[in-house]
Every structure is written in structure tokens, then in C-alpha cells.
Amino acid sequence: MKLLRDLLVQFGVSGDEGLTTKFILQYIYKQKKNWSFQPEIFAGDEFHDCILLKFGSPTTAVFAHIDTIGFMSRYENQLVAVGGPEIQEGTLLEGQDSLGQISCRILGDEDNLRHDFGRAIERGTRLAFAQDIRIDDEFIQAAYLDNRLGVYSALKVCENLEHGWVVFSTYEEHGGGSMPYLLSFIQQKHPIKNALISDITWVTDGVFPNEGVVISIRDKFIPRKKFIDKVVGLAKESGIPFQLEVEAYGGSDGREVQFSPYAIDWVFVGAAEENVHTPNEKVALSDLDSMIQMHQYLMKHL
1 MKLLRDLLVQ
11 FGVSGDEGLT
21 TKFILQYIYK
31 QKKNWSFQPE
41 IFAGDEFHDC
51 ILLKFGSPTT
61 AVFAHIDTIG
71 FMSRYENQLV
81 AVGGPEIQEG
91 TLLEGQDSLG
101 QISCRILGDE
111 DNLRHDFGRA
121 IERGTRLAFA
131 QDIRIDDEFI
141 QAAYLDNRLG
151 VYSALKVCEN
161 LEHGWVVFST
171 YEEHGGGSMP
181 YLLSFIQQKH
191 PIKNALISDI
201 TWVTDGVFPN
211 EGVVISIRDK
221 FIPRKKFIDK
231 VVGLAKESGI
241 PFQLEVEAYG
251 GSDGREVQFS
261 PYAIDWVFVG
271 AAEENVHTPN
281 EKVALSDLDS
291 MIQMHQYLMK
301 HL
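Residue numbers (UniProt numbering): 1 to 302.
Hints may contain errors.
DMTMM-like cross-link-like pairs, simulated, lysine to aspartate or glutamate; straight-line CA separation at most 25 angstroms [claimed, not checked]:
hint: 1; residue 1: Lys193; residue 2: Glu46
hint: 2; residue 1: Lys2; residue 2: Glu274
hint: 3; residue 1: Lys282; residue 2: Glu89
hint: 4; residue 1: Lys282; residue 2: Asp132
hint: 5; residue 1: Lys32; residue 2: Glu162
hint: 6; residue 1: Lys193; residue 2: Glu40
hint: 7; residue 1: Lys236; residue 2: Asp205
hint: 8; residue 1: Lys189; residue 2: Glu46
hint: 9; residue 1: Lys236; residue 2: Glu247
hint: 10; residue 1: Lys54; residue 2: Glu162
hint: 11; residue 1: Lys156; residue 2: Glu138
hint: 12; residue 1: Lys193; residue 2: Asp229
hint: 13; residue 1: Lys236; residue 2: Glu211
hint: 14; residue 1: Lys22; residue 2: Glu94
hint: 15; residue 1: Lys220; residue 2: Glu247
hint: 16; residue 1: Lys33; residue 2: Glu159
hint: 17; residue 1: Lys189; residue 2: Glu40
hint: 18; residue 1: Lys22; residue 2: Asp97
hint: 19; residue 1: Lys220; residue 2: Glu245
hint: 20; residue 1: Lys156; residue 2: Asp137
hint: 21; residue 1: Lys156; residue 2: Glu245
hint: 22; residue 1: Lys193; residue 2: Glu159
hint: 23; residue 1: Lys193; residue 2: Glu162
By construction, these hints were calculated from the structure, which means they are not laboratory data.
All chains, please: the whole structure from these sequences, using the hints.
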């Protein structure tokens, strides 16, 4: 679990993903010699803080967003949410500006969101939940399992992938924006027909811990039924534990695939968590294992 622990402590609030990108790239360059097949690597200023890996002759891509929710300092001691974090007074936040390290707590509520740091924090400084990783025999609990587990799963897919794109996107938690240029590049370089979204969903009244990875029939957006039926058929053949989700809310990078000018089918495949968008997100380790196995299987068989 060292890779996962290392991913969880990387700073990457939406729009400030550079440190996470650097870590992932270093990991890729260090570990790719141990992978079964070698990818082409696309990264750098042309792609902002995104990373694309092309294995062989792909028809399917897996997308995992590397950004997290968080907060941004405003004026005096005011804060503004980045993405949709749960606002709980007393929650510990961490960050850094040009004057040094910052550790402070949330004061107030959504209508009057502030911090208690002893000096003014430079305007626009991003702050993240302080990390506290807890792992036992059954669960992992920490901040930012959404979407460090998705990134972790995508990196595990790389280990034995012969044909496929593995793509690490940005901005997803705060409105998206990187997917259009990533999809454009992919479709010009080596086009795909299918997209898997490696992300984290919710435990609800119909989705439970320890019952397998979630394949989403719909969230706020609706993938094409013909493709969902194909994915569910493959999932049954695989023997990997899974459960189906039907929700009216929520979204992912799948939204931008669906809204793109390209005829690409997509499906969300990810573990379900409790305590969403808090410092105490909680996921069953068995569901994480099913998530990794399912992405590996689907990338091979789609």
C-alpha cells in the first residue's frame, strides 16, 4: 500500500495539481521498466498538469482525475470552497504560501466561511484537508480517497496493459475543463471508442460496502444502454464482485466524454465510499480490489 499512502499525501487542489503530477510522473518513469508493456508518455506544458499514457493500439481509455476538493483564501480571514467539500467547523486545513506553512481550522459555515490562522493568508492560496490515513483489515479511511483510489487503480492497470490509453485529468472537482483537449489529442493521435471512468462514488440505500465495485447505469448523466449492457455482460463473465448503481445526481469526467463532439461510449466504474468529501472518506479494501480487477478486465476485453 506504499504507493497509495504516497498518493494520499500529495497536494492537488483543483487548479494546483502540479505536485501530484510530478509525483505520478516520477513513479511512472521509475516503475515502467517493471510493466509488461511500455507506453508512450505525453506530459508537459502542452497538457498543463495532465498525463497521458498510450499502450499499443488502443480502442479504450481509462480516465482518472488527480485533483481534489479544498479551499481558497479570500480577503482577511475568509475562505471560498473549491469543489464541494463538506463544511464542518473545526476541520483542520493545511497549505503553504510565500510566508510559510499553514495549519488552521475552519470557522463558520457556508455563508460565513473563515479560518483561524494567526496571520493573513495570501489571497488565492489553496488549502486542503489535513491528511490522516487509517487502514485496518477491512477499510481504508482518509481524506481524498476521491480520487486517489481512482488514480491508484489506473496505475495498477498500467502494470499489465497491452493496448489502451491511461489518462490522468485535472479540474474535475471544480467544473472540469481538461477533458476536451485531452479527448481531442487522443482522437487525433490514436482514436478510441470506449472510455472507463476510474473514480469514486457513494454508499447509498442501494449501494453497500464490501459488495464489489460499482458500475453506474446513470448518475446525473446517462450513458448509452447498449454499451452499459455490454460492460455488465463482461462484468458477469469476469466473476469479479460488482454492484449496479442508479442515481439522479453526481457526475464525473464521463460528463465531458458525453458532451464531447466524439462518438465515444463511457461508463463509470469505481468503489463506493462513505463520508463523501470529508477528511474521513471510507472505502472497503475488498471494493478497491474489485475496482482494480474490473478495470484490468474491461481494458483487456472491450
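Status of each hint after checking the structure:
Between Lys193 and Glu46 the alpha-carbon distance is near 24 angstroms, which keeps this suggested pair within the 25 angstroms criterion. Annotation: proposed proximity of Lys2 to Glu274 holds, straight-line Cα distance about 23 angstroms (limit 25 angstroms). Between Lys282 and Glu89, the direct Cα distance comes to roughly 20 angstroms. Compliance with the 25 angstroms bound is thereby established for this hinted pair. Only pairs whose Cα atoms come within 25 angstroms are accepted, and Lys282 paired with Asp132 is accepted, the gap being roughly 12 angstroms.
The straight-line distance between the Cα atoms of Lys32 and Glu162 is roughly 13 angstroms, inside the 25 angstroms bound, and the hint therefore holds. The straight-line distance between the Cα atoms of Lys193 and Glu40 is roughly 19 angstroms, inside the 25 angstroms bound, and the hint therefore holds. At most 25 angstroms may separate the alpha-carbon atoms for a hinted pair to count; Lys236 and Asp205 meet this at roughly 23 angstroms. At most 25 angstroms may separate the alpha-carbon atoms for a hinted pair to count; Lys189 and Glu46 meet this at roughly 14 angstroms.
For the given pair, Lys236 sits about 21 angstroms from Glu247 by alpha-carbon distance, which is consistent with the 25 angstroms threshold. For the suggested pair Lys54 and Glu162, the alpha carbons sit about 9 angstroms apart, so the restraint of at most 25 angstroms is met. In summary, the hint linking Lys156 to Glu138 is supported, as the alpha carbons are separated by about 20 angstroms, within the 25 angstroms threshold. Our distance criterion of 25 angstroms between C-alpha atoms is met by Lys193 and Asp229, whose separation comes to about 15 angstroms.
Distance hint between Lys236 and Glu211 is fulfilled; the C-alpha atoms sit about 14 angstroms from each other, no more than 25 angstroms. A distance of roughly 20 angstroms separates the Cα atoms of Lys22 and Glu94; the hinted pair therefore holds under the 25 angstroms criterion. For a cut-off of 25 angstroms, the pair hint linking Lys220 to Glu247 stands: about 7 angstroms separates their Cα positions. This hinted pair checks out: Lys33 and Glu159 have alpha carbons roughly 10 angstroms apart, not beyond 25 angstroms.
Restraint check for Lys189 and Glu40: the C-alpha separation of about 11 angstroms stays at or below 25 angstroms, so the hint holds. Proximity of Lys22 to Asp97 is assessed by CA-CA distance (about 19 angstroms); at most 25 angstroms being required, the pair is judged to hold. In summary, the hint linking Lys220 to Glu245 is supported, as the alpha carbons are separated by about 12 angstroms, within the 25 angstroms threshold. Of the supplied pair hints, the one linking Lys156 and Asp137 holds, its CA atoms being roughly 21 angstroms apart against a limit of 25 angstroms.
Taking the CA atoms of Lys156 and Glu245, the gap is near 24 angstroms; set against the 25 angstroms cutoff, the hint holds. At roughly 22 angstroms between alpha-carbon atoms, Lys193 and Glu159 fall within 25 angstroms of each other, so this suggested pair holds. In summary, the hint linking Lys193 to Glu162 is supported, as the alpha carbons are separated by about 17 angstroms, within the 25 angstroms threshold.
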